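Engineer: We have chain A already, so just place chain B on it with the hints.
Now for the letters of each chain:
2 protein chains.
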Amino acid sequence: MPASASTALLTDMYELTMLDAALHHGTEGRRAVFEVFGRRFPATRRFGVVAGTGRILEALERFEFSSDQIDWLHDQRIVSDEALDYLRGFRFSGSIDGYAEGECYFSGSPLLTVESTFAECTLLETLLLSILNHDCAVASAASRMTIAAHGRPCVDMGARRAHERSAVSAARAAVIGGFGGTSDLEAAKRYGIHPIGTAAHAFTLLHSSEREAFDAQIALLGTGTTLLVDTYDVTEGVRNAVEAARAAGGELGCVRIDSGDLVAQAFRVRGQLDAMGATTTKITVTNDLDEYAIAALGAAPIDSYGVGTRLVTGSGVPTAALVYKMVACEGPDGRTRGVAKKSESKSTVAGRKTAGRVFDADGYASEELLVAGGTPEEGLAELKRQGARPLQVPLVRAGQIDAAAWSPEALQTAQERHLRSRNELPYQAWRLSEGEAAIPTRYAALS
Amino acid sequence: MPASASTALLTDMYELTMLDAALHHGTEGRRAVFEVFGRRFPATRRFGVVAGTGRILEALERFEFSSDQIDWLHDQRIVSDEALDYLRGFRFSGSIDGYAEGECYFSGSPLLTVESTFAECTLLETLLLSILNHDCAVASAASRMTIAAHGRPCVDMGARRAHERSAVSAARAAVIGGFGGTSDLEAAKRYGIHPIGTAAHAFTLLHSSEREAFDAQIALLGTGTTLLVDTYDVTEGVRNAVEAARAAGGELGCVRIDSGDLVAQAFRVRGQLDAMGATTTKITVTNDLDEYAIAALGAAPIDSYGVGTRLVTGSGVPTAALVYKMVACEGPDGRTRGVAKKSESKSTVAGRKTAGRVFDADGYASEELLVAGGTPEEGLAELKRQGARPLQVPLVRAGQIDAAAWSPEALQTAQERHLRSRNELPYQAWRLSEGEAAIPTRYAALS
Numbered sequence: 004m005p006a007s008a009s010t011a012l013l014t015d016m017y018e019l020t021m022l023d024a025a026l027h028h029g030t031e032g033r034r035a036v037f038e039v040f041g042r043r044f045p046a047t048r049r050f051g052v053v054a055g056t057g058r059i060l061e062a063l064e065r066f067e068f069s070s071d072q073i074d075w076l077h078d079q080r081i082v083s084d085e086a087l088d089y090l091r092g093f094r095f096s097g098s099i100d101g102y103a104e105g106e107c108y109f110s111g112s113p114l115l116t117v118e119s120t121f122a123e124c125t126l127l128e129t130l131l132l133s134i135l136n137h138d139c140a141v142a143s144a145a146s147r148m149t150i151a152a153h154g155r156p157c158v159d160m161g162a163r164r165a166h167e168r169s170a171v172s173a174a175r176a177a178v179i180g181g182f183g184g185t186s187d188l189e190a191a192k193r194y195g196i197h198p199i200g201t202a203a204h205a206f207t208l209l210h211s212s213e214r215e216a217f218d219a220q221i222a223l224l225g226t227g228t229t230l231l232v233d234t235y236d237v238t239e240g241v242r243n244a245v246e247a248a249r250a251a252g253g254e255l256g257c258v259r260i261d262s263g264d265l266v267a268q269a270f271r272v273r274g275q276l277d278a279m280g281a282t283t284t285k286i287t288v289t290n291d292l293d294e295y296a297i298a299a300l301g302a303a304p305i306d307s308y309g310v311g312t313r314l315v316t317g318s319g320v321p322t323a324a325l326v327y328k329m330v331a332c333e334g335p336d337g338r339t340r341g342v343a344k345k346s347e348s349k350s351t352v353a354g355r356k357t358a359g360r361v362f363d364a365d366g367y368a369s370e371e372l373l374v375a376g377g378t379p380e381e382g383l384a385e386l387k388r389q390g391a392r393p394l395q396v397p398l399v400r401a402g403q404i405d406a407a408a409w410s411p412e413a414l415q416t417a418q419e420r421h422l423r424s425r426n427e428l429p430y431q432a433w434r435l436s437e438g439e440a441a442i443p444t445r446y447a448a449l450s
Numbered sequence: 004m005p006a007s008a009s010t011a012l013l014t015d016m017y018e019l020t021m022l023d024a025a026l027h028h029g030t031e032g033r034r035a036v037f038e039v040f041g042r043r044f045p046a047t048r049r050f051g052v053v054a055g056t057g058r059i060l061e062a063l064e065r066f067e068f069s070s071d072q073i074d075w076l077h078d079q080r081i082v083s084d085e086a087l088d089y090l091r092g093f094r095f096s097g098s099i100d101g102y103a104e105g106e107c108y109f110s111g112s113p114l115l116t117v118e119s120t121f122a123e124c125t126l127l128e129t130l131l132l133s134i135l136n137h138d139c140a141v142a143s144a145a146s147r148m149t150i151a152a153h154g155r156p157c158v159d160m161g162a163r164r165a166h167e168r169s170a171v172s173a174a175r176a177a178v179i180g181g182f183g184g185t186s187d188l189e190a191a192k193r194y195g196i197h198p199i200g201t202a203a204h205a206f207t208l209l210h211s212s213e214r215e216a217f218d219a220q221i222a223l224l225g226t227g228t229t230l231l232v233d234t235y236d237v238t239e240g241v242r243n244a245v246e247a248a249r250a251a252g253g254e255l256g257c258v259r260i261d262s263g264d265l266v267a268q269a270f271r272v273r274g275q276l277d278a279m280g281a282t283t284t285k286i287t288v289t290n291d292l293d294e295y296a297i298a299a300l301g302a303a304p305i306d307s308y309g310v311g312t313r314l315v316t317g318s319g320v321p322t323a324a325l326v327y328k329m330v331a332c333e334g335p336d337g338r339t340r341g342v343a344k345k346s347e348s349k350s351t352v353a354g355r356k357t358a359g360r361v362f363d364a365d366g367y368a369s370e371e372l373l374v375a376g377g378t379p380e381e382g383l384a385e386l387k388r389q390g391a392r393p394l395q396v397p398l399v400r401a402g403q404i405d406a407a408a409w410s411p412e413a414l415q416t417a418q419e420r421h422l423r424s425r426n427e428l429p430y431q432a433w434r435l436s437e438g439e440a441a442i443p444t445r446y447a448a449l450s
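Those sequence lines, one after another, are chains A and B.
All residue numbers for the first sequence refer to our numbering, where the first residue is 4 and numbers rise by one.
All residue numbers for the second sequence refer to our numbering, where the first residue is 4 and numbers rise by one.
Just so you know, these hints were derived from the structure itself, not from any lab.
Computed from a predicted structure; not experimentally measured.
All C-beta atoms in this analysis are idealised placements derived from N, C-alpha and C, irrespective of residue type, glycine included.
Warning: the hint list may mix true and false statements.
To be verified - FRET-style restraints, in silico, Cβ to Cβ:
| # | chain 1 | residue 1 | chain 2 | residue 2 | range |
| --- | --- | --- | --- | --- | --- |
| 1 | B | Glu439 | A | Glu246 | 44 to 50 Å |
| 2 | B | Asp306 | A | Asp365 | 55 to 61 Å |
| 3 | A | Gly29 | B | Phe270 | 49 to 55 Å |
| 4 | A | Glu437 | B | Asp306 | 34 to 40 Å |
| 5 | A | Arg42 | B | Glu85 | 54 to 60 Å |
| 6 | A | Thr282 | B | Leu435 | 50 to 56 Å |
| 7 | B | Asp78 | A | Ala302 | 28 to 34 Å |
| 8 | B | Arg43 | A | Thr378 | 56 to 62 Å |
| 9 | B | Tyr367 | A | Asp264 | 37 to 43 Å |
Unchecked claim - Computed footprint of chain A on chain B, listed as stretches where at least three residues anywhere in the stretch have a Cβ under 8 Å from a Cβ of chain A:
| # | stretch |
| --- | --- |
| 10 | 24 to 33 |
| 11 | 125 to 137 |
| 12 | 152 to 163 |
| 13 | 184 to 195 |
| 14 | 198 to 212 |
| 15 | 220 to 227 |
| 16 | 437 to 446 |
As the list claims (entries may be wrong) - Residues from chain B that face chain A, not an exhaustive set, calculated with beta carbons under 8 Å:
| # | residue |
| --- | --- |
| 17 | Thr20 |
| 18 | Trp75 |
| 19 | Ile81 |
| 20 | Asp84 |
| 21 | Phe121 |
| 22 | Arg168 |
| 23 | Ser169 |
| 24 | Thr312 |
| 25 | Lys344 |
| 26 | Ser410 |
| 27 | Leu414 |
| 28 | Thr416 |
Looking at chain A on its own, in the form it has when it is part of the complex (with noise of 0.2 Å):
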């Protein structure tokens, strides 16, 4: 394994010196449950949805410290020899539970539970916690989009506004939130997400004029391709499209717009396309959109949007703000018992959840339910005695990784599941407005 192919130093340092502390002390074996939970929603989310999973269990693979990491971690006298020899041959052993991707979640929804040594699950903190505020942001950010494109496709074209590698992850996590496609080359690779893209206007800047552009594109890409039509002038831009198309013997596939005022552009051009006969030509528009542009292009005859900025960042909120906080830990007598922290502001939960969606009596969901301490069987005979679907599924046993949920069907089976999960929530998670989440948390404690 290359160094950088290691995810192990993806870590905050005061995990190792934890892990340190606890081996020096002998504690560092008790049993712990570690829960990944957010604890409110900013005004803009009316629910999360759940990304990352896939990406976490791949991480996950590959958490092992190379004898570089070791040897620069002991140079730099990070931790002592002993945690060094732990760390050598590190792998985790332990079981992980989460809600499947594509799922939402509310607050207090524990999207990962992490079940093994307190040194384990301490250095897991930072790259589950990475990787899931990230993900979750922006899949959730796509999902508003979605709901506000109200079926009209949506492509991720954010690769240029994110980090090279964040970005994509950034497309993936896009699809789980409904999005159809990605500009960014990496992550159609690696995921199978359909690739799009066809010109820039640095490629009409190229050519003497804007047809000679256009004809060398449709030369290579056929009729059938989007012309990026605002370079120039868009109307002069439209006429020379529609005609390159023609005299390359074909009907354009679809003219591109990057500026202006889009509703109005969109206006114009449908009738200009129409009044051309260009009736079959489709309108794709690209500049600075999120969700409330998006919504209020829906009365325009646009058939399809690619979106850049506000995706990757997460439309306002580019983290998803949530924790990892140790739930439950065993004590010096052996037994497991709900831990807290009390912190103004911070206050914990104590206890392993189990959770499940309560729906009314039109099938909508109602309630998250969260069974707090006891067994997971325990909990889930609490959640089916009140009627409640259960959200956890295993992703880890005995450190051995659910594979499947990181392959390409897994990532389409997220996408299917989250419209499923989405369609479950009352109307008020639809609206793009500021408010309460869709759905209220609560909290049912076993004995």
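Structural biologist: Just chain B now, kept in the frame of chain A:
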């Protein structure tokens, strides 16, 4: 080179389609000049900070298409066989000039100038923008935070709130903006940044009592460590912390507060520490800080700041919104001339820019001067004539990358350069409030 180490597919599909169409049409070899610049700042940015140049050079070194990638492009029919032949042996052979890392930039500043064939310039677009848009956004936010901190150290603790790989780059960008350390081990290792971190709330919860947890941490890390005092009750926590250190024969190094009203807590904790005689024990705070919170804490007895979410998400501006535009290209007659896009609200200034900073009589920067058109030599002569300090440095020459620009030493140099560059700006640059850019940009055209 392992497939994953290649940066060649961190690219929008349309870059390859344009290359393909240009090859097909025989225009791919035309000489072109592209510039990276920002059109305008959001109101909360008085200046931008250049960061990411070093990472670009590193990424460029690995911008090669592996056979695996070529096979995928072929299987997906993304481009023609002719284009695949071109890509198979691709190495960037042109020149890149740019602002040195750490330099402040303004509206229109050409952060990078790429000169080569149209095909080569096009292929780099997405990667250059991804890196700069992320890194400049974080460095610019970091700089505002270090301004607000007035010399008190700021350290990065944001890894968990960012994509796991962008967190590594964010730590690097934060150093350029004046930060002094990072919790992210991969960043510390890769870029030689000072690693920081001790323990989280879970470590306290693991033990039978807070005091036992503190004893365990001090036993390993010594009394100079930082103890987190707000798991249960802060007053109790501070007493436990000081007593634990004294029981181990020393005075405690630092306490960390991570919740509640930090101003009030800092005064209370400082008073308590002083009353206990622990006058050398420092206070660090870490709860959702941004430049405004840091400024508000300026009068409180705090010794350092740990910044997370708001740093790695660019404190409200998660992307620098830089664009990459062709400003000159060779025509069919072999002559190179300036080109510009005329679309509404997205127009560009034609011609290669030579950039300089003009200073007033007091030695403060007064203008960003961009000389458009002409050769670099002519541009430099004009800058000299107008008394401006030239801002561009050579980064790549005939494909040869200046490796010194991405060494760990270069990162320290960039931090020092930034502080110098920021100190040259007029007073309004230092204001956190909304407003105009600290200095205006003036274009001068060479005939």
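Engineer: It remains to establish, for every hint, whether it holds in the given structure.
Structural biologist: Structure-based check of all given hints:
1. B:Glu439 x A:Glu246: 44 to 50 Å: 45 Å, holds
2. B:Asp306 x A:Asp365: 55 to 61 Å: 57 Å, holds
3. A:Gly29 x B:Phe270: 49 to 55 Å: Since A:Gly29 and B:Phe270 have Cβ atoms about 38 Å apart, the given range 49 to 55 Å is violated.
4. A:Glu437 x B:Asp306: 34 to 40 Å: 38 Å, holds
5. A:Arg42 x B:Glu85: 54 to 60 Å: 55 Å, holds
6. A:Thr282 x B:Leu435: 50 to 56 Å: Check passed, 54 Å falls within 50 to 56 Å.
7. B:Asp78 x A:Ala302: 28 to 34 Å: 41 Å, violated
8. B:Arg43 x A:Thr378: 56 to 62 Å: 58 Å, holds
9. B:Tyr367 x A:Asp264: 37 to 43 Å: 40 Å, holds
10. 24 to 33: holds (count 6)
11. 125 to 137: holds (count 9)
12. 152 to 163: Since 3 is at least three, the answer is holds.
13. 184 to 195: holds (count 6)
14. 198 to 212: holds (count 13)
15. 220 to 227: Contact hint for the stretch 220 to 227 of chain B vs chain A: holds, 4 residues under 8 Å.
16. 437 to 446: Per the Cβ count (0), the hint is violated.
17. Thr20: 5 Å, holds
18. Trp75: With a closest approach of 5 Å, the B:Trp75 hint holds.
19. Ile81: 6 Å, holds
20. Asp84: Because about 12 Å separates B:Asp84 from the closest Cβ in chain A, which is outside the 8 Å limit, the hint is violated.
21. Phe121: 5 Å, holds
22. Arg168: This hint holds: B:Arg168 lies near chain A, its Cβ roughly 4 Å from the closest one there, short of 8 Å.
23. Ser169: At about 4 Å, which falls below the 8 Å cut-off, the nearest Cβ of chain A leaves the hint on B:Ser169 intact, so it holds.
24. Thr312: Check passed: Cβ of B:Thr312 comes within 6 Å of chain A, closer than 8 Å.
25. Lys344: 5 Å, holds
26. Ser410: 17 Å, violated
27. Leu414: Where the cut-off is 8 Å and the nearest Cβ of chain A is about 17 Å from B:Leu414, the hint is violated.
28. Thr416: This interface hint is violated because 22 Å lies over the 8 Å limit.
When held up to the earlier numbered hints, the structure conflicts with 3, 7, 16, 20, 26, 27 and 28 and fits the remainder.
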